[in-house]
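Asker: Listed here are the chains, written in short residue letters.
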Amino acid sequence: MNAASLRKAGLAVAAPALAAAVALTISSIVLIISGSNPIDAYSDMFDNAKKLETSIDILNRATPLYISGVAAAIGFRMNLFNIGVEGQYLLAAFFAAVAGGAVDLPPVIHVAFVLVVAMSVGAAWGGLAGVLKVTRGVNEVISTIMLNFIAVGGIIAWLIVVWQDDTGQVNSGTTPIPESGRMPNLNSWLEIFTRDIGKGRHLTGVLLIAIVVGVLYHLFINRTTVGFEFRASGYNPFAARAAGIAPKKMVLTAMVLSGGIAGLVGMSEVLSDSYRFDQSFIKGLGFQGIAVALLGRNKPVGIALAAILFGFLNASAGALQVGGTASREIVVIMQATILLAAVVAYEVVNRLRQKDEARTAAALLAESAS
Amino acid sequence: MANAIELVGITKRFPGVIANDDVNLAVEKGEIHAVCGENGAGKSTLMKILYGMQHPDEGRIMVDDIEVKLSSPADAIELGIGMVHQHFMLADNLTVLENVILGSEPMKRGIIDFDAARTHLTEVSESFGLSVHPDDLVETLGVGERQRVEIIKVLYRGAEVLILDEPTAVLVPQEVEALFDNMRELKAAGASIIFIDHKLDEVLAIADTITVIRQGHTVATVKPGDVTAHELAELMVGSELPTPQTTDSTVTDEVALVVEGITVFDLDDRAVVEDVSLRVRRGEIVGLAGVEGNGQTELINAIIGTESPASGALSLFGNDITQASVGQRRDDGLAYVPQDRHQEGLLLDAPLWENTALGHHKRPPFAKNIWFDRVGARERTEQVRADFDVRTPNIEVSAHALSGGNQQKLIIGKEMDSDPKLLIAAHPTRGIDVGAQAAVWQNIRDARAAGLATLLISADLDELIGLSDTVLVMLRGRIVATLDPAEITPRDLGAYMTGVAVQEEAS
Amino acid sequence: MTATKTMPATGASTYSRLQNLSTPIRWMLFAAGGMFALTTVSHFGKGDPSLLTSSSASGAMIRWAAPILLAGLGGLFAERAGVVNIGLEGMMVLGTWGSAWGAINYGPWWGLAFGAGFGALGGLLHAIATVSFGVDHIISGVAINILAPGATRYLSDQIFDDYDGGSVSQSPGAGAFEKFNVPFISGGDSFFGWNSPDTLGWFDDKDWFFISDVSSLVRGMFVQITVFTVIVYLLVPISGFILWRTRFGLRVRICGERPSAGESLGVNIYLHKYLAVVISGAFAGLAGAFIVLELTGFYREGQTTSRGFIGLAALIFGNWRPGGVLIGSLVFGYPFGLALRDLDGDATHNLLLVIAIALGVIIIWAVRRGNRTDALLAGGLGGATLIWYIVSSTAPKWLPNTMPYAMVLITLVFLSQHLRMPAADGQIYRKGET
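Sequence order for the protein chains is F, C and X. In this text, residue positions in the first sequence follow my numbering: the first is 28, and each later residue adds one. In this text, residue positions in the second sequence follow my numbering: the first is 40, and each later residue adds one. In this text, residue positions in the third sequence follow my numbering: the first is 51, and each later residue adds one.
No lab work stands behind these hints, which were simulated from the structure alone. Keep in mind that the hints are not guaranteed to be accurate.
Facing chain C, from chain X, some residues (calculated, C-beta under 7 angstroms) [claimed, not checked]: (1) Asn155; (2) Asp212; (3) Arg295; (4) Arg297; (5) Arg308; (6) Ser310; (7) Ala311; (8) Leu315; (9) Gly316; (10) Val317.
With a Cα cut of at most 30 angstroms, we get these calculated BS3-like pairs of lysine-lysine [as the list claims (entries may be wrong)]: (11) Lys226(C) with Lys262(C); (12) Lys326(F) with Lys401(C); (13) Lys407(C) with Lys276(F); (14) Lys447(X) with Lys382(F); (15) Lys382(F) with Lys77(F).
Think of the CB as a built atom: it goes at the ideal place given N, C-alpha and C, for glycine as much as any other residue.
Build the full structure now, drawing on both the sequences and the hints.
Answerer: Structural data, given as structure tokens:
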């Protein structure tokens with residue numbers, strides 16, 4: 028390894044390290060101002076995370092975040108800002124829960140059926156924003172946000188109807204999916220390596236889906252020619268177009284794929300938790316997914332690390348509450364500062380890298396000229 | 040006579056490159072001082088230093104024999120120095136008046152005094168014979184008018200020293216004469232003008248003094264009467280000046296590209312290309328001349344497929360490609376060297392081997408079925424690097440790390456190595472250094488000898504005449520002349536390009 | 051270079067365009083046409099749609115449109131300076147918290163000031179990220195939208211939670227500005243000891259077709275308003291004045307059109323971008339303050355409900371001009387205001403007919419421009435809406451919640467291709483690169 032590649036490697040590590048340092052500093056300052064001891068708070072968080080049950084909790088939280096991050100990243104890779112993962116996954120989960128609860132199918136097929144419904148609905152809702160952009164020039168940021176509200180507003184109104192028609196049950200939702208349509212948990216696999224899992228905690232089977240999504244995403248974006256076209260469009264849409272990459276087709280494909288993956292975000296809850304859609308269905312995963320994608324630089328492994336980090340922080344909130352060392356809300360501050368520090372740090376390091384490369388290339392030129 | 044400007048021992052280093060190395064320049068009051076040098080010789084850097092946009096590492100700047108420090112253009116403006124940039128610094132969606140007063144707005148009770156500004160602008164434009172309409176939106180102006188606005192911008196601020204950075208690059212010969220008239224008038228009014236150019240006939244025609252810069256050094260300061268164009272050329276390049284020259288004709292009878300009655304409308308439904316027909320045969324280079332904005336860009340776009348013509352037909356080796364996508368056309372053997380390599384040619388943030396793949400990524404050696412072949416792409420890139428002498432530390436660096444010339448060689452190399460049948464080359468040597476320019480010309484000639492059909496668009500009239508087998512002239516969206524390069528001079532070409540000369544039977 | 055080109059009259063300057071009277075007149079004709087359609091529907095529509103032209107609907111519109119307008123004007127400053135501000139929503143959230151805190155502790159004027167100040171802080175953050183560090187504008191905006199609710203939640207936990215009636219997600223009552231009716235127009239209030247006439251109210255009571263409806267709608271805009279409302283709407287001409295008549299405004303606009311041109315003339319591009327984005331944040335913060343002080347009376351989590359984004363839509367609708375932003379805000383604010391008052395859904399249901407009529411107008415417009423795609427699309431959408439209206443008797447439950455957003459989308463579908471944003475909008479500017 029020569030000095031230049033050492034520098035390169037150093038720069039690659041520099042960004043996340045810088046971001047983490049800045050975020051930790053800011054969070055510590057906030058904690059100190061609000062009268063908490065940051066060291067105590069951090070050690071509480073880490074002690075808690077060491078427990079097996081908490082690790083499972085973290086993975087369970089990271090699973091949908093990861094899928095959501097990948098969904099957002101697909102668009103980001105070509106500078107397409109799908110802010111609509113939120114609406115896409117809620118709408119998809121809703122329809123998937125309705126469909127899954129309405130049919131009776133053999134075990135594996137039932138699960139597959141629910142997944143297909145979810146992906147189709149997500150793809151359709153995302154694709155709609157794509158169609159609007161391609162045919163009508165509607166900015167996807169605005170359109171996906173409007174579609175979020177249309178989706179959420181529609182679902183909520185529907186649930187209100189159900190709730191009113193029902194026999195006074197406050198939190199009524201869709202008919203639960205029968206046993207055949209549920210994803211088994213992975214406890215028995217995990218227990219091969221660990222002690223028995225307590226507290227009734229289950230490791231979600233959807234984790235497997237997330238892993239498959241991640242592998243496919245990597246293969247698609249880095250190893251296929253269509254993936255190359257995606258990246259080329261992201262780097263320079265004009266050059267891509269002149270090189271025969273149809274921009275409209277790319278936008279549509281990206282929005283459909285992004286929406287399709289977004290459709291899977293709600294599956295941990297539909298297939299392995301509550302088995303239905305109701306008013307307390309988990310919300311906000313779409314926006315957290317955007318954060319996770321940005322933090323992970325839209326790379327398959329990066330997103331995974333970011334999702335686990337966010338899962339860890341989410342899971343720590345409870346421990347802080349119980350331990351009483353700090354307000355649980357500090358984790359939201361941490362997530363936000365990490366994100367903001369990271370996007371700035373990536374940019375700074377990117378500029379350093381560019382300068383470095385230009386210098387090396389220019390030095391070589393000067394050498395060969397003399 | 041006293042010096043208006045004196046630069047002493049200016050040195051400016053960029054990472055890995057010394058742009059200016061101990062450069063000296065003295066400009067007398069009331070003279071037109073030409074600064075000559077090849078692309079990349081360091082002229083623009085020097086001018087940016089004089090205008091406060093770059094800061095020298097060493098050396099002194101004297102204005103009216105007093106040493107000054109210029110930390111920004113505002114300082115330069117304050118000292119009466121103004122610059123007309125090579126790429127116009129105008130906002131399309133603002134009016135002429137707004138563009139001119141920006142940064143020196145006359146104020147009355149806290150708001151801009153537009154009436155006073157308009158009066159002042161009119162005074163300036165009338166006294167120097169530079170006619171403009173203050174309330175026009177800049178987007179409606181032509182190239183010559185934009186340049187007048189740029190000069191007015193400088194004069195409006197009361198500048199006594201004008202820096203004109205390659206002002207003739209975008210003008211046709213007739214417009215150049217009008218510009219020179221303006222310059223003489225300015226000189227008569229007492230202004231000093233620093234004028235960057237590398238067209239020697241122009242320099243000899245207008246300059247009082249000529250300073251030649253080569254590879255960041257001042258080589259000589261001469262009077263136009265004391266040198267010939269040939270001597271000046273040798274000073275500039277240090278050896279014989281290369282000119283493009285085509286050898287014996289290799290034109291065959293096999294027609295590669297047929298453009299038949301193509302018409303393209305712009306967003307306002309005006310015909311920017313009107314009923315254009317042309318054909319390019321194997322082994323032939325067809326040159327397309329024209330002042331920028333006369334439909335050449337749209338015609339190229341229609342041929343490569345990024346723009347769809349309203350009517351007309353295109354065929355490539357007998358296959359109708361009018362409805363074909365860009366990708367299909369490229370599959371059929373169309374290669375494209377875009378006019379703006381940063382905008383349309385490169386993925387600046389991607390490594391070189393991904394850049395090489397761009398546009399060929401669906402075919403071997405870049406693809407195996409649906410999979411992108413990273414090994415094949417790297418091998419091909421190494422081949423391009425060797426064949427076209429792309430100077431780079433390795434092929435993993437991103438494209439923006441390369442110099443302009445090497446970026447251009449990479450683009451031409453990746454297109455040529457893909458075995459094209461038809462090449463559309465737009466300004467293939469724009470903004471690259473002499474060595475790279477000669478290499479590019481040689482590549483195009485070699486490919487022609489091997490049977491490649493080429494459509495060459497260029498603003499460099501010498502290049503067009505030197506390389507082409509036939510030259511077509513485009514004016515207002517139409518082909519107005521078909522000329523034999525052996526029988527014409529750049530001046531003749533300029534006359535057709537501006538509509539001064541008209542050909543009876545235009546094809 | 052013998053002849054100079056003569057320019058077509060349409061190439062008139064932005065400066066003289068501002069003085070051009072035909073545009074306002076065209077808009078007034080447009081508004082009159084819209085009013086007439088609304089009136090007709092409110093008289094002859096199904097069920098009881100009289101709410102459509104009631105002063106209660108227009109009053110709600112004015113109040114609902116105000117935060118959208120403020121966000122839109124905030125977006126105007128940022129985007130005219132070339133910075134896309136998708137973080138308006140987050141800055142608005144910061145504004146809601148700041149204004150509640152300021153108002154609770156020091157009264158409504160301080161609420162207004164702290165709202166603007168908190169928003170400006172968000173703007174400053176966006177400026178640091180995008181201008182100084184060159185972070186992609188959308189990414190920075192998204193990050194701020196994630197940061198803001200987290201920050202306010204933490205602050206609430208630290209501060210509001212200790213207040214009587216406050217919690218981690220909401221503040222106690224924040225107080226409000228005093229409401230008044232505008233004398234002579236919608237008077238009736240005591241005015242220096244004298245009851246001013248309620249001119250529009252008088253017309254309203256007459257039940258004259260159209261005239262009474264218009265009076266009622268206009269009256270609604272002038273009753274029970276506060277000084278804050280007046281300030282908000284005054285900011286429209288003030289913003290136009292600043293951007294088109296002052297030195298600062300011209301320099302901000304060059305940042306959005308061609309920053310390198312400004313740089314070459316000695317304009318400090320970074321400074322002007324910073325100022326514009328901070329102003330943008332302050333406007334968004336004011337929008338948050340408006341929600342707290344005028345609409346809800348306290349801070350509550352999630353109360354901005356995307357009005358920052360709708361403000362951006364209004365900015366696009368208004369073609370990056372203050373007057374356009376105002377009209378966009380009113381158009382988008384109206385269905386929101388209506389949904390709030392429309393308990394039986396009749397008005398919303400009849401709004402379908404209004405939309406169908408509007409789409410009909412778009413058909414005519416598209417046909418005249420020879421745009422067949424637009425005409426067909428408008429025909430399809432309009433026809434479907436009309437059929438839906440005819441076959442149904444009431445609005446489905448989900449319609450009031452979703453219709454305003456759908457209207458934004460439909461508007462953008464027809465407008466997006468006819469608009470012109472600042473040339474350098476969204477681009478990263480680095481000094482000395484050109």
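Asker: State for each hint whether it applies.
Answerer: Hints versus structure:
no.	hint	in the structure
1	Asn155	violated (35 angstroms)
2	Asp212	violated (46 angstroms)
3	Arg295	holds (5 angstroms)
4	Arg297	holds (5 angstroms)
5	Arg308	holds (4 angstroms)
6	Ser310	holds (6 angstroms)
7	Ala311	holds (4 angstroms)
8	Leu315	holds (3 angstroms)
9	Gly316	holds (3 angstroms)
10	Val317	holds (5 angstroms)
11	Lys226(C) with Lys262(C)	holds (17 angstroms)
12	Lys326(F) with Lys401(C)	holds (23 angstroms)
13	Lys407(C) with Lys276(F)	holds (22 angstroms)
14	Lys447(X) with Lys382(F)	violated (58 angstroms)
15	Lys382(F) with Lys77(F)	violated (42 angstroms)
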